[in-house]
Amino acid sequence: MRHGSVRLAAVAAISIALLAACSGSGATNAPAESQAPAESAAPSAAALKVALVLPGPASDKGFNQSAYEALAELESKFGAETAYTESVAPNEFETAYRDYAGKGFNVIIGQGFEFGDIAAKVAPDYPDVKFLVTNNNALSGPNAEGLQPKSQDAAYLAGVVAGMATKSGKVGGIAGMQFPVIVAQMEAYKLGVLSVRPDAQVTLTYLGTFDDVAKAKETTQAMIDSGIDVIYHIADAAGVGVIQAADAGKILVIGWGKDQSELAPNAVVTSQIVDQKEMIVEAIGRIVNGQFAGEPQFFGLDTPVLGLAPIGAVDTDTAAKIQAKVDEVEAAILSGTTEVPFIPEPSN
Amino acid sequence: MDDLITIFWSSAFIAAAIRFSIPIMLAGIGEAISERGGVINIGLEGMMLAGAFGAVVGSDVTGNAWLGLVFGIGAAVLITLPHGFISINLGGDQIVSGVSLNLVALGLTTFLFRQMFGITDQPQVEGFEPLEIPVLSDLPVLGPAVFSQSILFFIAVGLGLVFWAVLFRTRPGLRWRAAGDDPAALDSVGIPVSRTRWGALLLCAALAGMAGAAISLGQLFTFIENMTGGAGYVALALVIVARWNPLWAIVVAVAFGAAEAIAVRIQAGGITLIPYQLSLMLPYVLTLVVYALAARSGHAPRALGKPFVK
Chain A
1196 MRHGSVRLAA VAAISIALLA ACSGSGATNA PAESQAPAES AAPSAAALKV
1246 ALVLPGPASD KGFNQSAYEA LAELESKFGA ETAYTESVAP NEFETAYRDY
1296 AGKGFNVIIG QGFEFGDIAA KVAPDYPDVK FLVTNNNALS GPNAEGLQPK
1346 SQDAAYLAGV VAGMATKSGK VGGIAGMQFP VIVAQMEAYK LGVLSVRPDA
1396 QVTLTYLGTF DDVAKAKETT QAMIDSGIDV IYHIADAAGV GVIQAADAGK
1446 ILVIGWGKDQ SELAPNAVVT SQIVDQKEMI VEAIGRIVNG QFAGEPQFFG
1496 LDTPVLGLAP IGAVDTDTAA KIQAKVDEVE AAILSGTTEV PFIPEPSN
Chain B
82 MDDLITIFWS SAFIAAAIRF SIPIMLAGIG EAISERGGVI NIGLEGMMLA
132 GAFGAVVGSD VTGNAWLGLV FGIGAAVLIT LPHGFISINL GGDQIVSGVS
182 LNLVALGLTT FLFRQMFGIT DQPQVEGFEP LEIPVLSDLP VLGPAVFSQS
232 ILFFIAVGLG LVFWAVLFRT RPGLRWRAAG DDPAALDSVG IPVSRTRWGA
282 LLLCAALAGM AGAAISLGQL FTFIENMTGG AGYVALALVI VARWNPLWAI
332 VVAVAFGAAE AIAVRIQAGG ITLIPYQLSL MLPYVLTLVV YALAARSGHA
382 PRALGKPFVK
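Chains A and B supply the protein sequences, listed in that same order.
Terminal number for the first sequence in our numbering: 1543, no gaps in between.
Terminal number for the second sequence in our numbering: 391, no gaps in between.
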């Protein structure tokens, strides 16, 4: 018993060290050489150092991964030096920000609305560092900027596809959690369905998780059993389960994030593109060219950030018909004739 | 009301309940044996995750789901060795060691999977497809629900029966129960407690590895970080409700699976009566209720979680 506590401490220490080694190895957050802080207002390409802070795992097949994939492009396109930290908890946001700012990074990107407050707080302390927060419609300042894709516009188009493609008149939507930006897309999807199929029955479900693939799969199966024949998902990694179950159940599914047709070519009718990568590359491009805006930037269907993947998994006649309708609705949204509302609360 | 009946008394619902139950059934049977032997495994979740990971790697390398299952069992056993050494040989705290196991398993599987497949790739491997047992699967309602499951379901039920018999009808089973109830008595008749406990623990690890493989190879045919999603903790609760009895573990696992299936189906069936947060809570509320009802009958192995030092 005497040695019990010593052993216990040793065990704990070893486990924590192991864990730290494992979770830290993916990140490259130790800069190779120390760099003098950028002195010019617009950093030259050689001195561009971009850090990305992710709230979830970089491999989530969705939201976080698409931002992570921007880093490789920043390296090749702008010769940037990049680093990232993943699965950062909200109470560590500020530490991560100050860490990177102190290490001479001149652009720091927070992936997700929730980084806005911290960016606004930290930005004045580091006037030479640019702070970008994605999916944020409010952040502004001399060195801070929110980047907001109008995802609900693309979700509405996804709804149009579902409404055109359904035979039973019953369609579903499965999302991870009830975050405002996600609810807004689910509700816009529903409106899109009803715009082409007013009598359709739309069932929207929230899993309460983004990574429980088994639950996503069972939820999809339950929807199929109730007669639903087109399902839309915003569930990142869990969405893989939605697509698998839809494929097995021989119904149609709408992917999210990037074109997911390769996962199940016979089931994925289209995917809602929300390309965080394009958005980040655009913003960094403006910084490199000295065109930093300092106020929220919005990305609509006319940018490569948003859109729908080509229609597939149906016969060519149907695909052409759906595509024509999508083009028509897209034009109406871009011209302002159709305005898709942002509904942050579930309607039901 | 008709809606409710069609949702809950249907092949599809019973099939979903059984699919949910397979991993927790396997893990629960293993944990029942280990706890009977006096070792509690908070690290059950980590063992399952290691099993899920090992199974996908094994199946990817060999192209064979059965060999994948063997790899999964091996991975779970390997990651359990330090826990066994600390809690059995060193007499360390089983809870601390079990929590460490969970943390290490999550970090290690994430790290290794990314090393092997990168961040953006998602391998699809050979898995266990649902069987179609001739004749039986044509029976009304129960046929498609019970006899069109993956083979792992039948293996799980078989193992539950076998280990119930071993535990309560054979000499090794008696030793396991003695190691958990009165290790001093076992020691006094000259049987080493540590060896007995090691046996129970490794058996549990093997079953937890199968449980992990049941998720990765039985349902998804791929590995996703943290894919066990808390099933290990559900299995820990299941063992208590099942009174440390492998036979009851089968029944309770199906009941827990049914609760999960209800939660999913209430929402997806378009029943908006119940807010989704409440329907997601259902399995846990049910666990608490059943636990409250079962808490008085029987008792935990007396030396559960207690190191045995001569």
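In short, the hints are calculated from the structure, not lab data.
Heads up, some of the hints might be wrong.
Now the in silico label distances, taken between C-beta atoms and shown as ranges [claimed, not checked]:
1. A:1519 / B:159: 54 to 60 Å
2. A:1457 / B:170: 48 to 54 Å
3. A:1373 / B:197: 51 to 57 Å
4. A:1518 / B:159: 49 to 55 Å
5. A:1512 / B:243: 55 to 61 Å
6. B:205 / A:1445: 53 to 59 Å
7. B:251 / A:1507: 54 to 60 Å
8. A:1523 / B:197: 55 to 61 Å
Only a predicted model underlies this, so the values are computations on that prediction, with no experimental measurement involved.
Beta carbons are placed, not taken as given, at the ideal position from N, Cα and C, and that holds for glycine.
(message) Could you work out which of the previously given hints the structure breaks and list their numbers from low to high?
(response) 3, 6 and 8
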